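Residues per chain are reported as follows:
Protein chains: 2
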Amino acid sequence: MNANVVGVDRSLDAAEIKRVQDPAQIRRLIRSGRYAGRTGGVAPGYVQANLCILPADYADDFLRYCQRNPKPCPLLGVSDVGDPRFPGWGDDLDVRTDLPSYDVFEHGELTESVSDIQALWRKDFVAFALGCSYSFEYALTSEGLPLRHVDLGMRPARYNSSIETVPAGPFRGRMVVTMRPFKPAEAIRAIQITSRFPMVHGAPVHIGLPHLIGIEDMEAQCVTNFIPYGEDEIPLFWGCGVTPQLAIEHARPPICITHTPAHMLITDRLNASLAVM
Amino acid sequence: MNANVVGVDRSLDAAEIKRVQDPAQIRRLIRSGRYAGRTGGVAPGYVQANLCILPADYADDFLRYCQRNPKPCPLLGVSDVGDPRFPGWGDDLDVRTDLPSYDVFEHGELTESVSDIQALWRKDFVAFALGCSYSFEYALTSEGLPLRHVDLGMRPARYNSSIETVPAGPFRGRMVVTMRPFKPAEAIRAIQITSRFPMVHGAPVHIGLPHLIGIEDMEAQCVTNFIPYGEDEIPLFWGCGVTPQLAIEHARPPICITHTPAHMLITDRLNASLAVM
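Protein chains in written order, with numbering that gives the first Met the number 0: chain A, 0 to 276; chain B, 0 to 276.
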């Protein structure tokens, strides 16, 4: 074990990056190419964000789309045109270099994953930082609520619901949701806790009766791995950050760059600071 | 129609009392014997309270019982020993005269209902005002949520749950709950709204799965009239103000005086003023 992990000029593994506490230092390590892995569990307590970069002639509609659908697309930050920074989320933060991995989409199709987008950056790009479920899950576990998928070492169960989002320009589509099961009293508490965090999906969008949002078969329709739950538990459904990705597939912009799933933007703000009360 | 209902020296009917807006004036009408009916819909917007009066040698335990079980027994006010007032809830308020009807219990058994308890009042009596579901129902309907039992002109469906309350001295028993059905998105909203009102039962104690709290048959086990609900709705269960009545039946104090069901104490405070945020 090397406590001074940062001083060694080599790539860091997940265990090593998790020993670094300062989010700015973690961004520098990612920026210098020394960490390119997943960000789950990295910089615990700090807000991690979904990233979406679009050309300016799509950005206004996308901004409207997020504003109209805050549950699946909660806006944390919008950059100025051509400016790779999110004021207020980290002084040195540069969205071109500070994520471990980026996905590049052309006309709605994934074309490549890269670790740096300096060469792709354009003066007409606008970057969007969107709230992520890591933040509300941190709030839930901080208050002692169990998360089944975490206990199982899995991602939350994800579904394509029948809930239509409010369109904006070419952006439209159905809401993607994630499911977390809870016992009834915990379900009530989970609603209370996540209601305090509207910037990171907020309260659930649905509870209990999956068939009402187009989910007839919880196991067969699960997009990720199904998370089983007991007869003494109720499924809660939250808006999911994959929703804007479906909207972008509909809009088919010539270029769009996002974070690679599970490789998020780490910011300087604490999850707890997002509580509205 | 007589707009100046108060000037006429005769009893008022429900329609007439509902035209009086000022809670202090309503208490005066009740005090003078001119209204002895139900208080539902009277002084809309103002807090109505359940009343419970006990001798001092039972009052300390009952106070502890309420403090330990705030969901079914939310304490609004406790009088000084022998003092029939609730400071802060109405300057002229007198619990001996200001309710339309009182129930008198001896050793846990109902012995009579009376319209005035001045003759029964003792220097060792302590009065308790407990929050009532009228207040959170007012909050729910103010925010546009439908209440099925109100639409049907009925009381909420009431059940004796299997949830044990925390005992205090001789006071103990299971929690009585009321059920209100909602569509899933409304259920989430109802939890958010009622969470703001802990002094009047607050958030539900249970959601969804009735058998987990001892209710195997929603219709057969309903103590009041069953409120039917659809397959697209979820039952929400709140702690009920009848819970302390069961605890009093267990404790069997030599005397206890309560409001007659649906004949509540009307206070000077607005329901909205009870919101904690």
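Keep in mind that the hints are not guaranteed to be accurate.
Note: identical chains are not told apart, hence a pair may lie in one copy or across any two.
As the list claims (entries may be wrong) - Distance condition first, Cα-Cα at most 20 Å in a straight line; then the derived SDA-like pairs of lysine to any residue:
| no. | residue 1 | residue 2 |
| --- | --- | --- |
| 1 | 70 | 191 |
| 2 | 70 | 192 |
| 3 | 122 | 77 |
| 4 | 70 | 184 |
| 5 | 17 | 252 |
| 6 | 122 | 253 |
| 7 | 122 | 24 |
| 8 | 122 | 220 |
| 9 | 17 | 40 |
The hints are simulated quantities; they were obtained by calculation from the structure and are not laboratory data. In this text the structure is predicted, and so the values were computed from the model without any measurement.
Now for the hints, and whether the structure bears them out:
Taking the shortest Cα distances, residue 70 and residue 191 sit within 20 Å of each other both inside one copy (15 Å) and across copies (15 Å). Taking the shortest Cα distances, residue 70 and residue 192 sit within 20 Å of each other both inside one copy (15 Å) and across copies (18 Å). Taking the shortest alpha-carbon separations for residue 122 and residue 77, only the intra-copy value of 15 Å comes in at or below 20 Å, while the best inter-copy value is 68 Å. Within a single copy, residue 70 and residue 184 get their C-alpha atoms only as close as 23 Å, which misses the 20 Å cut-off; across copies the closest is 13 Å, which meets it.
Proximity of residue 17 to residue 252 under the C-alpha cut-off of 20 Å is found in neither arrangement, the shortest distances being 36 Å within a copy and 61 Å between copies. In this assembly of identical chains, residue 122 and residue 253 lie within 20 Å of each other by CA distance solely inside one copy; the values are 15 Å within and 84 Å between copies. With identical chains, the CA atoms of residue 122 and residue 24 are never at most 20 Å apart, being 27 Å at best within one copy and 70 Å at best between copies. When the C-alpha separation of residue 122 and residue 220 is checked against a cutoff of 20 Å, the pair qualifies neither within a copy, at 41 Å, nor between copies, at 68 Å.
In this homomeric assembly, residue 17 and residue 40 come within 20 Å of each other (Cα to Cα) only inside a single copy, at 7 Å, whereas the closest approach across copies is 59 Å.
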